[in-house]
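Q: Could you put the whole structure together from the sequences, leaning on the hints where they help?
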Amino acid sequence: MLKSMRNTETGYPRVRRAAIVGRLLVQTLLVQALFVQSLLVVMAGRTAAQANEPAPSLQVTAAEQSAPLNSAAASPPTITFSEALQRTRANNPQLQAAFTALGLAHQDLVQSRAALLPNVNYNMQYLYTEPSPHGTNNPIFIANNGVHEYIAQGNVHQALSLQTFADYGRASAAQAVARAKSEIALRGLAVTVAQAYYAHVAAGHKYATAQRANEEAQRFLGISEKLENGGEVAHSDVIKAQLQYRQQQRDLREAELGMNKSRLDLAVLLFKDFNENFAVVDDLGAPPALPPFDEVSAAGTRNNPDLRAAQAALLQASRQVTSAWGGVLPAITVDYWYGIDANQFATESPTGFRNLGSSAAATLQLPIWSWGANFSKVKQANLEKKQAVVELSAAQRTLLANLRSFYNEAQAARAELELLSQSVQLASESLRLTSLRYQSGEATVLEVVDAQNTLTAASNAYDDGQVRFRVALANIQTLTGKF
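Residue numbers (this note's numbering): 25 to 507.
These are computed hints drawn from the structure, not numbers from a lab.
Any given hint might turn out to be false.
Claimed, not checked - As a list, the in silico DSS-like pairs of lysine-lysine whose alpha-carbon atoms are at most 30 Å apart:
id, residue 1, residue 2
1, K401, K250
2, K296, K285
3, K250, K264
This structure is a prediction, so every number in the text was calculated from the model and none was measured.
A: Encoded structure:
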């Protein structure tokens, strides 16, 4: 009887829970049905509204979608010389290697500075030793402090010597050397970019000159053929004009090849991902004026990275000598410990004894005998210092010579540009007059061909002079950092 009552009492809640769950499911289904019905009504209303509206213009949409693609394809980037320098700085592996060396030298300086400061460590150790058969608390090894030994200590360590201080100074000088060499690489890159950039601009000029010469040779060939038909010149003039026209066609093809090659050389410097679709700004106009030599010489002496690198290398060698002497002199090491070194891993022993404590140790290391190794290091460091002195003297002399040489080069290129410009004007006028004289029968075909070749050579020489002057300015910049 009691058993049946328990079954009835336990079964009633189960039936009640099932009824509640059933009602919840029915309500959920009704809500979902109402939501679907309202969604269908809304979609039907939108469909009817769209049917009454006019259709959108597909042509405008297509034009809007294709406009950015067409504009991007039709407008390649136009790069100035300063932009070319910035792009090349990010892509040049030699410059990045110099910056990497500078970063490594800086980390060496950080590490050498850390050697001068106290270091803090935390040590934890557990030692187990077999107990002695004569006593359970005595270890079998007399060197150990107990059967169970727990060590948990913080350690402050400081090492002081002349060598550590000298190493810090040497690392600082090495960082100065690396910084100067990175600036040398950066300024040298300006020369490389100037050569590639203005060589490409000049190649475009030469291609235009070859096109003009080709058109002029074609026009002269037509004139000679007309004069031959009129009986005014011999057939040999036509043959000479044909030979000149063929030569100009070959020169035009070579000029185009040179322009494309210079574009590829410049693209390698400018783009991380190879790209030929770019344009450059032609700033080979009037050449800038040169500053006085005294100003250039003062800037070169004050702001020359080669000289700074040689001076820093000498300082580094001097610090190396001091470091080598530090291996001969005494060194001090100081340690301080705080923590526990006990038979229990606790701050107090079971008997109430305090396990926490501190200790300190100071060590003086005096080198006595090393079979001459320490003094050999001193001799090595002195030899390196003597070499650094010689290199510094050579850097000073080379700087003065390069300043004068680069300045004379730029000055000569600047003066010759005016002469080359006048030569182009004279050659153009000579070709015009010779062509008129040939048409009037006063000049020979050889004179016309010579005038054509003279104008082409003068134009190309003027373009080469422009590049020479820009590169000379870049060379001065490597010594002075400006101009």
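Q: Take the hints in turn and mark each one as holding or not.
A: Now the hints, each set against the structure:
Note on K401 and K250: the hinted pairing is violated, with a Cα-Cα distance of about 90 Å set against a maximum of 30 Å. A threshold of 30 Å between alpha carbons decides the hint, and for K296 with K285 the separation of about 18 Å falls inside it, so the pair holds. Under the criterion of a C-alpha separation no larger than 30 Å, the hint pairing K250 with K264 is consistent with the structure, at around 14 Å.
When the structure is compared with the earlier hints, a violation turns up for hint 1 alone.
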